[in-house]
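So the protein sequences, as listed, match chains A and B. Remember, my numbering sits 12 above the position in the first sequence when you count from 1. Remember, my numbering sits 3 above the position in the second sequence when you count from 1.
Fair warning: there could be bad hints in the mix.
Now the stretches of chain B that chain A is said to cover, found in silico as 3 or more residues with beta-carbon under 8 Å [what the hints assert, rightly or not]:
no. : region
1   : 137-148
2   : 209-222
In the DSS-like style, the derived pairs of lysine-lysine whose C-alpha atoms are separated by at most 27 Å in a straight line are [unchecked claim]:
no. : chain 1 : residue 1 : chain 2 : residue 2
3   : B       : 102       : A       : 292
4   : B       : 267       : A       : 232
5   : A       : 82        : A       : 232
6   : B       : 138       : A       : 232
Rather than coming from a laboratory, the hints here were simulated on the basis of the structure. Backbone N, C-alpha and C define an ideal beta-carbon position, used for all residues, glycine too.
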Amino acid sequence: MRNRDAAYWLFLTPVLAALILVVIVPLIYGFYYSFTDWNGLGTPDFIGLKNYMDLFTDKGFLDTFWFTIKFSVAAIVVINIIGLSLALIVTSKLKSSNILRTVFFMPNLIGGLILGFIWQFIFIKVFGAIGDLTGIEAFNGWLSTTDTGFWGLIILTSWQMAGYIMIIYIAYLQAVPEDLIEAAKIDGANSFQRFRHITFPLVAPAFTVSLFLTLSHSFKIYDQNLSLTNGAPYNSTEMVAMNIVRSAFTENDMAYAQAKAVIFFIIVAVVSLTQVYINKKREVEL
Amino acid sequence: MRGKWKLWLIGFVGFILALLWLTPFYLMLVNAFKMKRDIFADTLGLPETWTFENFRQAYEQLDFLRTLFNSLLISGVSVVIIIIFSAMAAYALSRNKSKISSLLFFVFVAAMLIPFQSVMIPLVAQFGQFGMLNKAGLIFMYLGFGCSLSIFLYHGTLKGIPLSLDEAAKIDGANRFQVFWYIIFPLLKPMSITVGILNVIWIWNDYLLPSLVIGGAGSETIPLKLFFFFGQYTKQWHLALAGLTLSIIPVIIAYFFAQRQIIKGIADGAVK
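Here chain A stands alone, though its shape is the one from the complex (with noise of 0.2 Å):
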């Protein structure tokens, strides 16, 4: 296919010209509008960086980009313990591997939304109703406090999310060739050093997917953490997306919102690259 057919560039017009007006063309007037004081009406003025300057001065942001930050930490090291775990389980040549493994996929399939307003069931009136029955105060009160909030939050995405990442590693575990797991055997090694130097190495680029999948996906997250807490209590529960949404929808202040959104898209991109990069790189020196 050359170029001048015009087949080619018929083939390409809907994704293109969808690309461009959805994507590419709001990217670069969202670069324009973070320099202004736009209220999504009317004519922008240029204001310089003043939206900027002032971003780094509103506490309720920065709180929100911590918040965002903590939470990714630890759900990246939550869920991938959890999903490796599973995937362990399910291997491991079980009669019930299929029904588990239905079973601990079936959470990915639901919207965040839903699994959000369940979980506050749960934390709220089933948390509370436990609490009541053995009289442990650790039961009580979920989701009222920022930590709990927070835990909350990281049990919600764990358990959606867990079934997820099992089933990347899977297909890793999957493709380790049996035989070189019987050899080891035969030479002696007990079932850690099988996992260690064998299963281990050859699992390792299931890590690179599955950690840049779960960061990304945790930095991003917005409608578990609106189902599940809507920022309480005091937006301390609040991340980045949520924040971004909230001051251009709720508060009109489209401009600034777009600057926050600008930030909040470099950071994203430059991490998912980084990641990409450095776990590249240990591959090959395996």
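Fit chain B to the known structure of chain A by using the hints.
For chain B alone, coordinates are given in the frame of chain A:
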């Protein structure tokens, strides 16, 4: 003998975890059948009297059939469009090995890095100006956000389809479009299933984009309607839980029938 014990132990741990994983669904389901006072009296046990009244009310309040239809329509049309147009684009990009093709492919892949929140504000403003904040506009937006990953996945598969197939069909007198539609597209079927599954899960569950694009009463999708519904009945858990249960049923049915393809699709989509 030791191996057998270990397998038994792993199986046991797996069983306990599976129960734990299902507990939230169990709690949602049993409490959806309880009368309001029963939820307060006993949250953990089975209902004293099973009632369908919660479901009847939730069904009515959610305008369930219409909401379900909206979700089916928007997800269905979006996914079909994404599949056909992304496959076409990936085909053009993989068969034309020029600088323009590499550049365009790079742009599509790079677009995957852009988070929704960083384009959302100008997007809504601009589509609003042109009166496109409606279902058609929403479907077009899904094409824009969904095509990148889909093109990327198709592109990988197309590399493995030999060029000689195209040429043989061309000699037989087929034009570009016929070659694609009758020869290439059928060969892409396994990938189309993967692309379809990945996109349908995302679009079906999406809340933020439709909440900004379709406001009008009567055109809400399930997550949208549920959000309003939940806000209305926030202290009335018996109704809220029945609504949640209702809205999960279509997904569970789909999962029951297609779980093999779904899990395979997810694995293919994530690993590549």
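Which of the listed hints are broken here?
Hint check: nothing fails, all pass.
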